[in-house]
Amino acid sequence: MLGHVLRRLLGIIPLVLLLALVTFALLKLAPGGPFSAERALPPEIERQLEEKFLLDRPFHEQYFAYVGGILDGTLPSLKRPGETVGELIATSVPASFTLGSMALLVALALGIPAGVIAALRQNSLLDYGSMSIALIGISVPNFVLGPLLVSLFALQLGLVPPALWDGPRNMILPAVTLGAAYAAYVARLTRAGMLEVIRSDFVRTARAKGLSELQVVVRHALKGGLLPVVTWLGPATARILTGTVVIEKIFNVPGLGYYFVQSALDRDYSMVLGVVMFYATLLMVMNLLVDVAYTYLDPRVEL
Amino acid sequence: MAELVEGTSLWQDAWRRWRKHRVSVASAVVLAFVIVFCAIGPPLVQAIWGWTYEMQDIPLGAVPPSAEHPFGTDQLGRDLMVRTMHGGRVSLLVALVATAVSLTVGVTYGAVSGYSGGRVDAAMMRFVDIMMSTPYLLLVIVLMAVIPPSSVSFAGLDGSFVLMFGALGLVSWLVLARIVRGQVLSLKRREFVEAARAIGVKPHLILFRHIVPNTLGPVIVYASMTIPGVMLSEAFLSFLGLGIREPQASWGTLVNEGSNAMSVMPWLLVFPGGLMTLTLFCLNFLGDGLRDALDPSARKS
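Protein chains in written order, with the numbering used here: chain A, 1 to 303; chain B, 1001 to 1301.
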């Protein structure tokens, strides 16, 4: 187990480097550079800038210099040379993380109970009703839902401020907007998982022992029933991270996502590379954690 | 005399099951209406009122829905109904073509991998695993941001379309490849494949004539679930300003424009956003019904 985890952790390194290589090659192959502004710079200044940021070197030297600079935290952003890539990521990550984890919390807190109830009352009106609502939730794009929620709760009712990021009250709308669709997924997955478990022998035994329905569900069924949700958590992290890009734009959240899009448009090679490497590492570590969690929930699974 | 026994084919069986899924059937009908609305709408509007999707009337500006402009107009005085229809054409087209790309790549890749078996299979699936563990949407964002659409325009199509087909098609085939591979693995041991091999059919013909058609059920189900996802991704990228560019419009770009002006001109968000939500809705319900009908083993209960 420990050996497997270590091997997987080591395996992440070449993958991140490979992904960085693809990204860097893509950036370099595309026309336009970080210094091609609308008003062209004098050639000698452009040359000096390129020299300063090593852009006149052969491709492989640039790649190693950039990746190395990101890893030891010395590479400056091309557009804001005063700050390093690491510093810029560190200042904008907390907002994205708070938003993402709150959305995940919303998704699990709404989705799991809904899914469990639907499974326990299978084929009842409650089941059909909650599953239809879930399918509706999946169908409303979050960039449609967000502005609608803002107009209703912020502009009409005045309950929360429309677009600010300075306190827990302001995080409600963005988190709900991002979490709604995922809540719907979680509800469907939980229902499917619970339906499989609820008919198995060990649940019948638990009932036969005279446990209350609540104890049967919470202590016995839920552990197996949540397996699909756990599997989903790995890829979901990736989707929530990229999903924050849109939410950050709608609600003016000073996070990493929208900044990343802007960096890509500005050809800020070092920022784009840094963010891709950061996200890739994060995502692969998350996938590993999910696999480890899986072995605890289902002892039959071996890594 | 013995009664003639008629067997029911998989498709007849599926058709019967699907018809019982009333919500799914209703979704298909609504979807057909949306498609017809978007497809024949623009020439019709042009014939009746004379508007096209890029025709501006700047002095008019943004007006709320009226008899002249059933969905209202945007800030440049463009008729929103015809723009919503045009956006629908673009969104549906992107979703269909990108799904077709992903089907072609996914089915071929999965079939070859499963049929080859052994090391080739292991290596090919390892590649899929790696791709799945990368934040490829970030790569798509980079791709869309750095490649100028004009450099890839192809056969008269706007470059931003081509870029979108490719980018979305190339990232959505992974799950499909896995599904097809799994099917092929079990199909290739069946007697009819054995028989085909015995009479000397060439391997690639066995694979694509005899095996692949038998994977069609799950493939259709999966495709019907990919379309709404791809549509959402297109809108997501267009919303960020990375997808379809002016003067073209898709539902994503229209919703983006609408959400900026929502408090004063709500109709700009409500109509394109509403129609897009309705479409996604129907696609999802349709996919659900198709899965229950074509892939009984994947049913939730």
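Hints may be right or wrong, so weigh each one.
What the hints assert, rightly or not - Ranges between beta-carbon positions, derived for each pair:
id, chain 1, residue 1, chain 2, residue 2, range
1, A, Glu83, B, Ile1040, 53 to 61 Å
2, B, Val1030, A, Pro42, 53 to 61 Å
3, B, Val1264, A, Ala109, 29 to 37 Å
4, B, Ile1040, A, Lys28, 18 to 26 Å
5, A, Phe64, B, Lys1202, 43 to 51 Å
6, B, Arg1022, A, Ala293, 33 to 41 Å
7, A, Ile172, B, Val1264, 22 to 30 Å
8, B, Met1131, A, Asp298, 24 to 32 Å
9, A, Asp298, B, Thr1108, 32 to 40 Å
What the hints assert, rightly or not - Computed footprint of chain B on chain A; a stretch qualifies when at least three of its residues, placed anywhere within it, have a C-beta under 8 Å from a C-beta of chain B:
id, segment
10, 88-94
11, 205-211
As the list claims (entries may be wrong) - To list a few chain A residues with every Cβ distance to chain B over 12 Å, as calculated:
id, residue
12, Ala30
13, Glu83
14, Leu126
15, Leu227
Quick caveat, the hints were computed from the structure, so don't treat them as lab data. Please read these numbers as outputs of a predicted model, since none were measured by experiment. A virtual CB, placed ideally from N, CA and C, is assigned to each residue, including glycine.
Status of the hints after comparison with the structure:
1. A:Glu83 x B:Ile1040: 53 to 61 Å: Since the Cβ atoms of A:Glu83 and B:Ile1040 sit about 54 Å apart, the hinted range of 53 to 61 Å holds.
2. B:Val1030 x A:Pro42: 53 to 61 Å: holds (60 Å)
3. B:Val1264 x A:Ala109: 29 to 37 Å: holds (35 Å)
4. B:Ile1040 x A:Lys28: 18 to 26 Å: Given a distance of about 46 Å, which is not inside 18 to 26 Å, the answer is violated.
5. A:Phe64 x B:Lys1202: 43 to 51 Å: For B:Lys1202 against A:Phe64, whose Cβ atoms are near 48 Å apart, the range 43 to 51 Å holds.
6. B:Arg1022 x A:Ala293: 33 to 41 Å: For A:Ala293 against B:Arg1022, whose Cβ atoms are near 39 Å apart, the range 33 to 41 Å holds.
7. A:Ile172 x B:Val1264: 22 to 30 Å: holds (24 Å)
8. B:Met1131 x A:Asp298: 24 to 32 Å: Distance hint for B:Met1131, A:Asp298 holds at roughly 26 Å.
9. A:Asp298 x B:Thr1108: 32 to 40 Å: holds (34 Å)
10. 88-94: Three-residue rule not met by the segment 88-94 of chain A, so violated; n is 0.
11. 205-211: violated (count 0)
12. Ala30: Since the minimum Cβ distance to chain B is about 4 Å, A:Ala30 lies within 12 Å and the statement is violated.
13. Glu83: A:Glu83 clear of chain B: closest Cβ-Cβ about 21 Å, beyond 12 Å.
14. Leu126: Answer for A:Leu126: holds, closest chain B Cβ roughly 15 Å.
15. Leu227: At roughly 15 Å from the nearest Cβ of chain B, A:Leu227 sits farther out than 12 Å, so the non-interface label holds.
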